[in-house]
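K.L.:
Next come the chains, spelled out residue by residue.
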Amino acid sequence: MKRLLSTFALVFAVLGIAMAQRSVTGTVTGDDGEALIGASVAIKGAAGGARTDANGKYTVNVPAGSSVLVFSYTGYNTQEVTLGANNVVDVVLAAGVQLNEAVVTALGISREQKSLGYAVQQISGDQVRGARDANIVNSLSGKIAGVNVVNSSGNVGASSRIVIRGNNSITGENQPLFVVNGIPVDNSNRGNGNTQFGGVDFGNAIQDINPDDIESISVLKGPNAAALYGSRGANGVILITTKTGKGAQKGLGVSYSGDIGFSQPFRLPTYQNQFGQGVDFQFGYVDGTGNGLFDGVDESWGPSFDAAINGADGIDNDGDGQTDESGEGALIDQFTGKQQPWVAHPDNVNSIFETGITFTNNVAVTANGERANARFSFTNMDQKGMVPNTDLKRNTFNLSLGMKLNDKISTDGNITYTTLNSNNRPGIGYAGDNIIQQTIWAGRQVDWDYLRANYNQRDEMGNIVNWNHNYQNNPFFTLYNNTKPQARNRVNGYYAVNYQLLPWLKATGRIGTDYYNDHREIRFEQGTVDYPNGQLQTFDYTSTETNSDLLFTANKNITDNFSILATAGIARRDNKLTGNELTAQALVVPSIFNFSNADGAINVNQFSQKSRINSVLGSLSLGFYNFIYLDASARNDWSSTLPASSNSYFYPALNVGVVLSEKVSIPGISYLKVRGGLAKAGKDTDPYRLAFVYGALTPWGGVPSFTVPGSRPNNSLIPETAESAEAGLELRAFKDRVTLDVTYYNTSYINQIIPLNVSSSSGFTSRVANAGTIQNNGVEVQLGLTPVNSNDFRWDINLNWAKNNSMVKDLPDGVTEITLNTNWGLRLVAREGEPYGVLVGRRVKRAPDGQIIVSPTTGRPIQDVDANGSNTNFVLGTITPDWTGGIRNTFTYKNLSLSALIDMRQGSDVFSMTYIFGRYAGVLDESLEGRRTVDEVKNGYNFGGVYEVKDASGAVTGYEANTVLQSAEQWNADFYNRRHDRGVFDGSFVKLRELTLSYNLPKTWFSNSFVSGLRIAAYGRNLALLKSNIPHVDPETAFDNSNAMQGIEFGQLPSARTFGLTVGANF
Amino acid sequence: MKNIKVWMLILMVAFSNACTKDFESINTNPNRPEEVPLENVLISAVSQGVRRTHGASMNMTYAGLWAQHYAKIQYIDEDWYEYRPDALTAHWDGMYTGPLADLQDIISRAPNPSNMRAAAMTMKAYYFSIMTDMWGNIPYSEALDPDRTFTPVYDSQESIYADLITQLKTAADMFDAGGDNLGAGDLFYNGDVTLWKNSGCIQPDLQQQK
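Chains X and U, in that order, give the protein sequences.
1072 is the number that my numbering gives the last residue of the first sequence; the numbers go up by one with no jumps.
211 is the number that my numbering gives the last residue of the second sequence; the numbers go up by one with no jumps.
Since the hints were derived computationally from the structure, they do not count as laboratory data.
Since this is a predicted model, take the numbers as computed values, not measurements.
Please note that the accuracy of each hint is not assured.
Stated by the list, open to error - Below, a list of computed lysine-lysine pairs in the DSS-like style, where the Cα atoms sit at most 27 Å apart:
no.: 1; chain 1: X; residue 1: K62; chain 2: X; residue 2: K561
no.: 2; chain 1: X; residue 1: K668; chain 2: X; residue 2: K561
no.: 3; chain 1: X; residue 1: K49; chain 2: X; residue 2: K668
no.: 4; chain 1: X; residue 1: K685; chain 2: U; residue 2: K22
no.: 5; chain 1: X; residue 1: K899; chain 2: X; residue 2: K1008
no.: 6; chain 1: U; residue 1: K22; chain 2: X; residue 2: K581
When you get a sec, could you build the whole thing from the sequences and use the hints?
P.N.:
Written as structure tokens, this is what we have:
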């Protein structure tokens, strides 16, 4: 019996062990009350575990002997809970101070970075607002590996170009798609025309995004991450999530932030201040059109400001018939009056600019309750430019609503209304309307303050007061009378309904739209040099994009070690654009900028276009043992812009992530993941490229006249395709004090739809065809270090670095290059076998040691000729950078934080016409060489170089040093005459981009008041150019953000150096 | 997971028809016509072509200046026999892609036979005769046929003339006083088909005598 009992006891004991395994359930929520999806529930000291479902619920089987559960979720502090008698354990995790690892991915799905098989980099809204810039694109510079930002200028509302992982498209869009809260938004920069020869940079439309409303920005860098965005995801996607009331404090919350920034020119050319306007050291003003002594020229080869030189050079400087005596040559007729002192105005260009001021004020109200949340925000930005009489005002109203109707149905929505108004922006490019143009041409004696004081006065001849009347307008007349206003009104937002069909299955219906109308004017007052009768141009654009989709999302943990996240759905995108461009070539009465005042016919260009894409899409993410993650996505698009035979195109992506640290334990390394994947993305084309349509000519004698088009349409186009492979490694070590993310990618963009030039004897000048490939491959590195992390002090280093190699391939037979732009004979081309965007043109001939080869008789440089006998076909540079990088150092001491961002770019050549014309016109410092002494002024100067020594057969046998003297004027003129290579510079730079000092006031200071948080910060933006190989101008430059206007510079409106103060308060 | 695949399949099938509906109308260019009356193309061919061949450009700037029939005080490059490739290319391109392309369009669209087709053939032969007089060997037999080639071969002047005469004779035979009206596009003879018929063969015949 005893034995029997003991046997029973043993059996019970065994059973008991088995039965002691208990099932624990519960809910895991964050400290904001939101359920945490996919949080890990591990059993300390035992295998097994679970993940929370879509409602934050979990069930875990705990073996006997185990009594502690470990709850963890990225971005939250891990919490251990000792089990008591209760089998229901609800846990609230506190938000951690770790890097936020949950990232927003395609379709707006928030996922753990751990589970992704591709590169995504996310930054918070605070990082964008840090040292604030009005244009959101500029705020991304240096912060994300592989993202190259080029800010066109420091002009109010200037455009900014952003390219991720290199340019993919030869003539099409290369900038990423911007998506706000899941809805694509327009970033066009329409109607600027060929801004290198005048016009206005009205800016890219994404600058309507208000930084104050941004919660986070997630960058999907290539097709692997962005395949679900289809056509437009091939260049990457910038996903912007705006703030909502969801994560806000319970109940009502109010916040305010105010910012004031002061801007001044970042870099201006270095001018010479020894010679004034004129030719051959002579000048005398009569009317500024050539009736005086060289008074029609706008170059600075006139008399010296140094009376000693003028007196001794034996030249009659002012044309009064006698050689100037020493001391006498300092009085010369000028536009300011007869026999005026001939003096330099060293500060004369700088004195054009004013201090730019930007005020930004934001008020946000949040309400967060059990079933509903809301946020309303109003932001006013009021910007006064550095250029006189330029401004930009932006108001943003943002409303976000979320509501739980019942356990199954919830809705959310967001609407933003933005108004952007400008009374004037400065003209740019090579045009009289660009006020910087004439600082490059102007005589160095010109007194700009006099021009400013008298811009609305007329001189004796009835001309507007100016120093030259052949080419130049009084710059202040231009700024105050030739204005370029703009008004844009924009509404964008979405409304979504979520229906929880099953605990693991959700349906979401969503409609979103981005609508704006944009009115611009370009006005020329009568009396303007280029438009003596005045001119009025207006541009009206209305753009609408509507996206609607229906998505099913399944999220289920099949077993503890196997999870599924799947989406499937349908989507439709409709785009519509209308434009109305009017020009009155002359005005009847001055100052009335209305078409009723047009003198003569009004030119009209009116157009409208539509396109539609329908899609079916799906994705499937599988997770095994928190170890291997598989990610597959697929999409099929049907585009209205392609022929019926090829308008349906399918593209898949497959990515794998393996978290090695789950299975292999390496000392010090807490997290190690490798990932890789393949992806494809299809792309359609512009509307109306298939069918033959007639162009309208001016009617002949009242009879309409139609002609065949110059470009041959193609009704057998196929979709463009991007093919991409990427692999990466993620590592966290030493308690997250070292984080590393390395990615290698290789992308080929094939079958590009481009207009190809054809022999005109075919009846067409070009044809639209699928042709050409651009291949990009490269490496991206993100490195985070925390060298010091003590209780009160913390030092973080964040480094981003990326190298991209691009190559143009597969151009059709007979086509060696596709010209993107031509500027003063220099071509910006996509050339087979070269990186995208090479500068091609003329160069001077050089000896093997690099010395310039000159003519033995004149001393002037000789132009080089290639093996084919062409002197215009030399590759002089590449506009795309070799690598880009940024380093941010952040020092935090208690509530005080100091952060510095250094932004770098290596490579990327720039063709500077500022330099070439500045040499030609004799205004730049370098132009003093060869006219510094009386001897040089009188006899000329040996500018060096060598000449070729040839034998009887004409073969070069050696080189001899040049002995010929020539004038500085001649030598510098050849910078233009023999252009282009001496104007091509390495545009590499190192900039101190951002410096921020911020202080969170201790809460104890105002604990009894209604204020719950107060922050003040001082910042600087674009503080210093630490390294540059290009003289006189900011190496970061463009006329606007289009493909064609890159890598070429003239008359750059300087970029801005900004100092500012920010105050933020929560109530 | 199975469900998802099925769902997706159903969606795709259901969608593939529905989702290309309206595409043709969406992608129809609302800004420019796909078809216009031929007389409105004829007026373009005549006015553009005559402007080039007899206006102050190709005729005057090149032929006239090179022959020193007259001189200029501005833009005197050609007067000095300085060759400006861009300016000259504009005329070469302009003739082929402008009036000749328009005439080819009329020839391909007009009924055969018809007065419209005959007029286009006559004008085309006329322009080509001026061009070969000016440039010698030029693309002709393969020209204006992009379906065939974008790089037409150059033909000898002799073979071009031989064909021009054939074309003009064919056109002259095609004109029919009782046939279609050339409409307001006929800037030459205001619709008088007899004058068109007679105009044909004179110039090339004369030229060939040389």
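K.L.:
Verify the proposed pairing of K49(X) with K668(X), using a straight-line Cα cut of 27 Å.
P.N.:
holds (16 Å)
K.L.:
Would you check the hint for K22(U) and K581(X), treating anything up to 27 Å between C-alpha atoms as holding?
P.N.:
holds (17 Å)
K.L.:
Compare the distance between the alpha carbons of K668(X) and K561(X) with 27 Å, and conclude whether the hinted pair is satisfied.
P.N.:
The given pair, whose Cα atoms are some 23 Å apart, holds under the 27 Å limit.
K.L.:
Given the hinted pair K899(X) and K1008(X), is their alpha-carbon gap at most 27 Å?
P.N.:
holds (12 Å)
K.L.:
Regarding the pair K685(X) and K22(U), is the alpha-carbon distance no greater than 27 Å?
P.N.:
Distance ~26 Å between K685(X) and K22(U) Cα, so the pair holds.
K.L.:
Is the straight-line distance between the alpha-carbon of K62(X) and that of K561(X) 27 Å or less?
P.N.:
The given pair, whose Cα atoms are some 11 Å apart, holds under the 27 Å limit.
In summary, the structure agrees with every hint in the numbered list given earlier.
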